[in-house]
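Engineer: For reference, the chains in residue letters:
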Amino acid sequence: DAGVIQSPRHEVTEMGQEVTLRCKPISGHNSLFWYRQTMMRGLELLIYFNNNVPIDDSGMPEDRFSAKMPNASFSTLKIQPSEPRDSAVYFCASSAEYTDTQYFGPGTRLTVL
Amino acid sequence: KQEVTQIPAALSVPEGENLVLNCSFTDSAIYNLQWFRQDPGKGLTSLLLIQSSQREQTSGRLNASLDKSSGRSTLYIAASQPGDSATYLCAVRWTDSWGKLQFGAGTQVVVTP
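Chains as they are written, first to last, in the working numbering: chain A, 37 to 149; chain B, 3 to 115.
In isolation and in its complexed conformation, chain B is listed as follows (with noise of 0.2 Å):
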């Protein structure tokens, strides 16, 4: 069965730390794999595309890299600051599901000032 987990559920970090989240999928056969970040009561902003060819994708202090033989992903975020408080979800587009998404639960972020 094809899942897509995120743990932990929920996090806090002070401000100024290196934020480290984690997306584990139980098949190799993923076509690309997404980050989005979700605000309260928002609809889901797209972070980073990773495609299953590259192995990591960059942009400004988020950093996300790609490793499908041992099923994960980490999304790096460095320097955090209160305004990256939000949730963190990932999705997994699977080889055999033509534009359809699958998402983990998500991680919600706490940054401290």
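One chain only, chain A, in its complex shape (with noise of 0.2 Å):
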């Protein structure tokens, strides 16, 4: 299995522009959690879908920041306009139904110049 894949690993922008990551689950996991880590702050969760539906999004920051899961294989956390205090790494994970370990991917780090 090769595991949650995200991308882009890395990803430089400037500030005002729209930022898109991406997600793949593992295979058969229905629940994708999207998180942000920081010195500051630590892991913090943003959203978390399950069966492709947003279940809770209090974790968002902004309207700036939006996330979709149109399919069981996909998910994409979206910050437009972005800004520097968005620079963060961005996690990925996901889960299988009626258990609760957590699978993460390798992250995307993010610098808003």
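By construction, these hints were calculated from the structure, which means they are not laboratory data.
Where is the CB? At the ideal position from N, CA and C, for every residue including glycine.
Careful, some of the hints might be misleading.
Derived DSSO-like pairs: lysine-lysine, alpha-carbon spacing no greater than 27 Å straight-line [unchecked claim]:
| hint | chain 1 | residue 1 | chain 2 | residue 2 |
| --- | --- | --- | --- | --- |
| 1 | B | Lys44 | B | Lys70 |
| 2 | B | Lys3 | B | Lys70 |
| 3 | B | Lys44 | A | Lys104 |
| 4 | A | Lys114 | A | Lys104 |
| 5 | B | Lys102 | A | Lys60 |
| 6 | B | Lys44 | A | Lys114 |
| 7 | A | Lys114 | A | Lys60 |
| 8 | B | Lys44 | A | Lys60 |
| 9 | B | Lys102 | A | Lys114 |
| 10 | A | Lys104 | A | Lys60 |
| 11 | B | Lys102 | B | Lys44 |
| 12 | A | Lys104 | B | Lys70 |
| 13 | B | Lys3 | B | Lys102 |
Residues of chain B placed beyond 12 Å of chain A at every Cβ, according to the derived structure [stated by the list, open to error]:
| hint | residue |
| --- | --- |
| 14 | Pro10 |
| 15 | Val15 |
| 16 | Glu19 |
| 17 | Thr28 |
| 18 | Leu64 |
| 19 | Ser71 |
| 20 | Val113 |
Between beta-carbon pairs, the in silico distance windows are [stated by the list, open to error]:
| hint | chain 1 | residue 1 | chain 2 | residue 2 | range |
| --- | --- | --- | --- | --- | --- |
| 21 | A | Ser102 | B | Asn65 | 36 to 46 Å |
| 22 | A | Asp99 | B | Thr114 | 32 to 42 Å |
| 23 | A | Met51 | B | Ser55 | 42 to 52 Å |
Hints are included, so try docking the two chains, each in its own frame, into the full complex.
Structural biologist: As structure tokens, this is what we get:
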């Protein structure tokens, strides 16, 4: 199994630009989670999906952030417009039904200049 | 307020010593608790998951205990090796938070040869 796949691994962009992060969960997993990790705030849950439906987006910092899961094998996290304070490592994780063990992707390191 | 705390933030031990990592939580209404390992520049890897009804879980050199009444979990790593150097995070799923994990800030461990 390839594990959770994220792309790109690194993204450098300028303030005001749109950023799209992508995630492919492990095949057969039905829950998907987006996290953000920074030195100041640690690991924070942004949003999670169950069976492609957003269950809780209370962690999404503001309207500039949006996430979609059009099918069971793909999700995106979009930031528009991006700001320097969005610089962080963004992780995607997935888990199988009736289990709580989450499998994390390698992360996308985002730098907004 | 539900909080998860890990102290110390960092520790260094010589190879061969047993490692003891602490995690405390403010609410005894937990559903389960997980321990993760994070290597620099990588995602998180789940090590052990303890359900609220369990007192401990073991996997190889790793043993995790859970005491809900005192709000504490401890991860023991026997006979530490340089390859155990990483950041260890604990994460709590509260009974009132479907699927969501709340992470501690982590303990950065260095095992010196």
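Engineer: Does Glu19(B) sit more than 12 Å from chain A, CB to CB?
Structural biologist: For Glu19(B), whose nearest Cβ neighbour in chain A is about 27 Å away, the distance exceeds 12 Å, so it holds.
Engineer: Would you check the hint for Lys104(A) and Lys70(B), treating anything up to 27 Å between C-alpha atoms as holding?
Structural biologist: Violated, because 36 Å separates the two Cα atoms, which is more than 27 Å.
Engineer: Take a quick look at whether Lys114(A) and Lys60(A) sit within 27 Å of each other, Cα to Cα.
Structural biologist: 15 Å, holds
Engineer: Between the alpha carbons of Lys44(B) and Lys60(A), is the straight-line distance 27 Å or under?
Structural biologist: 17 Å, holds
Engineer: Please check whether Asp99(A) and Thr114(B) have a Cβ separation lying inside 32 to 42 Å.
Structural biologist: Violated, since Asp99(A) and Thr114(B) (Cβ atoms, about 48 Å apart) do not stay within the stated range.
Engineer: What's the verdict on Lys114(A) and Lys104(A), does the C-alpha distance respect the 27 Å limit or exceed it?
Structural biologist: With Cα atoms ~9 Å apart, Lys114(A) and Lys104(A) stay inside 27 Å; holds.
Engineer: Checking one constraint from the list: CA of Lys102(B) to CA of Lys44(B), max 27 Å. Satisfied?
Structural biologist: 21 Å, holds
Engineer: So if I understand the rule, the pair passes when the alpha-carbon distance is 27 Å or less; does Lys44(B) with Lys70(B) pass?
Structural biologist: 31 Å, violated
Engineer: When you look at the beta carbon of Ser71(B), is every beta carbon of chain A farther off than 12 Å?
Structural biologist: 22 Å, holds
Engineer: Check the hint pairing Lys3(B) with Lys102(B) against an upper bound of 27 Å on the C-alpha distance.
Structural biologist: 16 Å, holds
Engineer: Quickly compare the C-alpha distance for Lys102(B) and Lys114(A) to 27 Å and report which way the hint goes.
Structural biologist: 21 Å, holds
Engineer: When you take the CB atoms of Ser102(A) and Asn65(B), is the distance between them in 36 to 46 Å?
Structural biologist: Distance hint for Ser102(A), Asn65(B) holds at roughly 42 Å.
Checked against the numbered hints above, the structure violates hints 1, 12 and 22; every other hint is satisfied.
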